[in-house]
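The listed protein sequences derive, respectively, from chains A and B.
Residue numbering for the first sequence follows numbering that gives the first Met the number 0, beginning at 0 and increasing consecutively.
Residue numbering for the second sequence follows numbering that gives the first Met the number 0, beginning at 0 and increasing consecutively.
Since the hints were derived computationally from the structure, they do not count as laboratory data.
Worth double-checking, as some hints may not be accurate.
[What the hints assert, rightly or not] 30 Å max Cα-Cα, derived BS3-like pairs, lysine-lysine: (1) K42(A) with K287(B); (2) K103(A) with K323(B); (3) K81(A) with K323(B).
[To be verified] What follows is a set of in silico ranges between Cβ atoms, one per label pair, in the way DEER data are often shown: (4) V8(A) with D119(B): 51 to 61 Å; (5) L104(B) with L118(A): 38 to 48 Å; (6) E86(B) with D372(A): 24 to 34 Å; (7) Q307(B) with T108(A): 23 to 33 Å; (8) S100(A) with G325(B): 30 to 40 Å; (9) D119(A) with G224(B): 34 to 44 Å; (10) Q307(B) with A50(A): 14 to 24 Å; (11) A50(A) with V26(B): 26 to 36 Å; (12) A50(B) with D119(A): 34 to 44 Å.
This one's a predicted model, so the numbers in the text were calculated from it and none came from an experiment.
Note that beta-carbon positions come from the ideal geometry of N, C-alpha and C, so glycine has one too.
Protein chains: 2
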Amino acid sequence: MSGSFSYQVKARDGRARTGAITTPRGVIRTPAFMPVGTGATVKAMFPEDVAATGADIILGNTYHLMLRPGAERVARLGGLHKFMHWEKPILTDSGGYQVMSLAKLRKITDAGVTFQSHLDGATIELTPERAIEVQCLLGSDIQMVLDECTPFPATREEAKRSLDLSMRWAERSKTAFGTMSADGQALFGIVQGGVYPDLREASARGLIDIGFPGYAVGGLAVGEGQEAMFDMVEVSTAMLPEDQPRYLMGVGTPADMLGAVARGIDMFDCVMPTRSGRHGQAFTWGGKLNLRNACYAEDASPLDPESQCPAARYERAYLHHLIKSGEMLGSMLVTYANVQFYQELMAKAREAIAESRYAAFVEDVQQRYAKGDEA
Amino acid sequence: MSGSFSYQVKARDGRARTGAITTPRGVIRTPAFMPVGTGATVKAMFPEDVAATGADIILGNTYHLMLRPGAERVARLGGLHKFMHWEKPILTDSGGYQVMSLAKLRKITDAGVTFQSHLDGATIELTPERAIEVQCLLGSDIQMVLDECTPFPATREEAKRSLDLSMRWAERSKTAFGTMSADGQALFGIVQGGVYPDLREASARGLIDIGFPGYAVGGLAVGEGQEAMFDMVEVSTAMLPEDQPRYLMGVGTPADMLGAVARGIDMFDCVMPTRSGRHGQAFTWGGKLNLRNACYAEDASPLDPESQCPAARYERAYLHHLIKSGEMLGSMLVTYANVQFYQELMAKAREAIAESRYAAFVEDVQQRYAKGDEA
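Isolated chain A, as found in the complex (with noise of 0.2 Å):
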């Protein structure tokens, strides 16, 4: 594995980009959505699968990792991709989202976080040096600082509190990809400030002052709305420099993402499309399918004729028994439909973009889901 981090633009419509991340294990083009790969897989889905639906990266939960099989564990089965059998390029992610979602008697200070395991209520501290240790023993080709996600709702003392917190570990993150990583691996910062727009533009200078290959955009999709999500976005995107990736974290919806993407945003992931998958929602072309409704109960109609998927020929008839009766099958062809669904998404929308018709796309996809059963 040799060879350097770049980003390219290739074609703008408006403030939507479309382009391509060469990295040594391979090319990713923007935008991209990654699958989520919490504990080392992609829920319910055959690696292989995976790279079929087209998706050139996927995303690993340093948190999950961490704790089990363990970084260093992973590091002496010959790291990450070669464990999980994915050899395109993996982002991971700090683990500091999941400490503060997951984890018990989490305690905050300026050198890092203290908590107890979810798992086995082992005490472990996370430090910016210890999240890029654990990352650089994972191999991810693109890592993230540790941060502080501000939490939804904050003051905008507690905001710029939050703030100033991960600033301080985005510099010594920075410092210690400086002495840990390989060639080719990229750090991203993450632009923070939760909902007011002088943080946004105050966080996206500072981490700009570091110096990173890409940045972020964390602490929404929170309980914002999307309203705020966009207007965050926007104000975060417009800092950034243009010839950089940029990242929306935990996002989102077909049309979360597609706005993201009118306002200037490169890479998606979330869990949605798998975790929705395993209970029987299903994003298609024509719309989002809840298939536990019994009006699918004798609908011999495919899941998704216009997928290109070879899960979504099955019929929706038996897509409803499998989820009724919670069996595996039914989890493992809605996520394959899901995951396939959202990458024919980006494609489509990288496809628009270079051609110009990226608004009347979003309206056509908007319309389509204007007709799901949960519309």
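Got chain A sorted already, so can you dock chain B onto it with the hints?
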């Protein structure tokens, strides 16, 4: 779908035989193992992967399917093959066994069995005629007469009474099948009689008098032990026609199956490879492995280097992690590898019989299985 049902012995080695059952939906090479597709799915497997393991036929459970999604519904949707994306032959049981093991408030009379669904408590009657009707609605290629699986232990008198009831039901099943079945479908009788050789003989004789194109040996592997099971198989197959297939129901371990083949059995079904797979117990050419064991945590060797299964290429350390974490992918991979192992075991048994070296083959497998971590 047209054509007829036939069976041809191609080679013998002692009492073991290899041959082929021809059905309108394809040829079943014997000895054959039928993966169990309880609720219209071989649990945790894509149907194309079931086919890729070399399975020529799968089993469906009448009890489960009549309760959910319902036989009439499956018929309206085009039959079980179309419903579950499996074009090759399907054998269905009669539902009687699961009524006794799963349903509540069972009441057996000469007419049939009345029970409460374990799903919603609905009162349902299963008669020999209804069992055939359900199997014809499902459209299965090989159907089974309704019988009472004689429990173990049972006194000679209880076993005799149970056997007599099953014999009357067998006759009614055949009559119903004559009026309802389609061209090329076959109905098998089931030898009962507990662990009493003379009752087994009487059962076989009675069924032959009624006349079926194939015979099952039922009521075994219910706690009587391997020696008694082999004895009853031997007594039963000695009575059965040489030119018709013989199916040992609900069996079993590799050793059980190989021993039964040596005693003239041609077909098997068992939940073992799928159920064990979901819980991380793997059947391999190196023996049986419990992937939950700590010894696999950093074992970088593939699950089974001798298997042709794509799932068996995955490293034991990764499978250990997935199973310990409760990840579906762990169940998916180990199930796939197990079903493939069962098919490879049958394929090698067929080859060994054809080459008159069956005893040496059985000896080799037994030695391999002495090496597993749970020998």
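Tested hints:
no. : hint                             : verdict
1   : K42(A) with K287(B)              : 26 Å, holds
2   : K103(A) with K323(B)             : 21 Å, holds
3   : K81(A) with K323(B)              : 19 Å, holds
4   : V8(A) with D119(B): 51 to 61 Å   : 58 Å, holds
5   : L104(B) with L118(A): 38 to 48 Å : 42 Å, holds
6   : E86(B) with D372(A): 24 to 34 Å  : 31 Å, holds
7   : Q307(B) with T108(A): 23 to 33 Å : 55 Å, violated
8   : S100(A) with G325(B): 30 to 40 Å : 19 Å, violated
9   : D119(A) with G224(B): 34 to 44 Å : 41 Å, holds
10  : Q307(B) with A50(A): 14 to 24 Å  : 22 Å, holds
11  : A50(A) with V26(B): 26 to 36 Å   : 35 Å, holds
12  : A50(B) with D119(A): 34 to 44 Å  : 42 Å, holds
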